[in-house]
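*Asks:* Read off the chains here:
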Amino acid sequence: MAYEGVPGLVETREAFGETTLVVDPARLVEAATHLRDDAGFNLLADIAAADYLGWAELGVAGYIGTAGGRDLNAPGSQGFARRPLPKPKRFSLSYHLLRVSDDPARIRLQVWLDDGEAVASVVPVWPTADWHEREAYDMMGIPFEGHPNLRRILMDDDWEGHPLRKDYPIGGEPVRFSGEE
Amino acid sequence: MAVVDRSRAIYEGSRIPSPIPTALSPNPAEVPFDDILTVNFGPNHPSTHGVLRLIVDLNGEQVVGISAVIGYLHTGFEKTMEQKTWWKGVTYPARVDYVSFQYNELVFVLAIEKLLELEIPRKATWMRMALCELVRIHSHLVYLGTSALEIGAISMFWYTFRERDLILDLFEMVTGVRMHTRYFQVGGLAEDIPQGFYADARAFCKRMPKAIDEYEALLDDNKIWLERTRGVGLLSADDAIALGQSGPVLRASGVDWDLRKREPYLAYDQVDFEVPVYHGGDVYDRYRVRMDEMRESIRIVAQSIDRLEEMQGEPWIADDRKVVLPPREELHTSMESLIHHFKIVTEGYRVPEGEVYVAVESPRGESGVYLVSDGGPKPWRVKFRAPSFVALEATASCMKDVAIADLVAVIGSLDAVMGDTDR
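For the record, the sequence lines run as chains A and B.
The first sequence runs contiguously to residue 181 in the numbering used here.
The second sequence runs contiguously to residue 1423 in the numbering used here.
Source of the hints: derived by calculation from the structure; they are not laboratory data.
Using N, Cα and C, we set each Cβ at its ideal position, and we do this for glycine too.
Take these hints with a grain of salt, some might be off.
As the list claims (entries may be wrong) - Derived lysine-lysine pairs resembling PhoX-like cross-links, with alpha carbons at most 20 Å apart: (1) B:Lys1088 with B:Lys1322; (2) B:Lys1088 with B:Lys1400; (3) B:Lys1084 with A:Lys166; (4) B:Lys1322 with B:Lys1114; (5) B:Lys1079 with A:Lys166; (6) B:Lys1084 with B:Lys1322.
Stated by the list, open to error - One-sided excerpt, in silico: chain B residues whose CB lies under 8 Å from chain A: (7) Pro1019; (8) Ile1020; (9) His1074; (10) Glu1353.
Please put together the full structure from these sequences, using the hints given.
*Replies:* What follows is the structure in structure tokens.
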């Protein structure tokens, strides 16, 4: 494999024609710098955070099925055909890299994080990471160390909670301007 | 030819502000603090293409500091789509980027098909391509009309919206609605192509080049337009790549990069078209790129119509009853079809476990989607890579020696759609 020299490489996965490099979060910036300078991935297309709280469990995020089969009390639900594979930690951060050159290539650089676990910012490597990291912080509550301006970006500055987390309630948000302010 | 042409440098070094790459702060050594006037621009301002808010530091007329505030149109599409089945989720992406509505729908559908490893019929592929290129023209017309309007060329708006209406008429004919069509279905198209579409699309392809000539006659000989756009809002190739730019903004900075050529999807490897590249990196070159792209899109639409006409009577959707709704008439005669219909509509189809990232070249650049499936009937995570979001990151870098009046021209040339930015 061409990516064996990536610092802190934990695992390389190939699926659906896409390559995923899972790296140690402590060495993320090293790995990112290596991929940019030595492998030519000069464009960071996207940073996608995902919350795997309740992954492969029952009754979260709209799942009312049971692993064994259909839940008769919840029409329209059905269990998994098979249980999804467990994930190492709660959050994943996927950096979608693109090589803008005559030899185009895409790669997914991935780190896994627990709740509240900080990861180093890649803004010094790719300046475009600025807003992407702010979005991941805003929506998922992932703290980025060394980010120059880590504030909420889509929600209000004084918003409570991180809306795209799986434990964030859907519907029934607390009413503001209730006269108690 | 190399992808990045560095022989003609737009400016020396990098203009990306430091330490915050997306916010320009006034330099106290150059501008005394007392001379700075801070102005709040937007979010409810007609020149901000929706609800963009800019906090602008002015020294006289000169912009010395700028930072963008977004989120006023945040609608939580990604969260909502986690609660809907894959089948119902197709309705949402078109609302994300409401000016190039067909592209997010396309990228979402392509990503699901990638997870399902589903083959789609060639008629659907070519029709998707024809409609997407029509939407590219539509989007560039809206760009041209609004951004010219904002710097004073008011009549452009009426002319571009005249042709825009013809495109929307074509969409109404095919899908029944003018925007947010939900015409792309996992497996192909929602309905067959109606009679008369080919003739009307051909008539449009015949008319549109003349219309573009008219726009160019109005703008390219217009001294005010040229002076307002040339040399304004510069962005070099290296800065554009570092800031993750894509689409016309990148191509106007001298980067020969188009996903339709570099990573062909649909049937783009079978059509003949050129990728316009300009080297000025200014507002004018971004306008030139979009004008040339409209002409190329017309060529692609015409070639697609030629191919589609040979495919009369072919299926427009894959024949996979676990994913695709059965034909309506079968519901009256076939028990299996009735069951499949019921299952798909109520429970939805299952998508194999996995994660994919799919990107297409939308009018604004790389429009991507990252999907995670846990093997159930609903997406676990949907994340859109919004080209407008990324384009607005470049505002601070484009603001060297820009006056407040040019600010609007620069923002217009980045062509950000706030629905796409805030999702």
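*Asks:* Hint by hint, say whether it matches the structure.
*Replies:* Now for the hints, and whether the structure bears them out:
1. B:Lys1088 with B:Lys1322: holds (15 Å)
2. B:Lys1088 with B:Lys1400: violated (46 Å)
3. B:Lys1084 with A:Lys166: holds (14 Å)
4. B:Lys1322 with B:Lys1114: Roughly 16 Å separates the two Cα atoms, so the pair holds.
5. B:Lys1079 with A:Lys166: holds (9 Å)
6. B:Lys1084 with B:Lys1322: OK: B:Lys1084 and B:Lys1322 at ~18 Å, within 20 Å.
7. Pro1019: holds (4 Å)
8. Ile1020: holds (5 Å)
9. His1074: holds (4 Å)
10. Glu1353: holds (5 Å)
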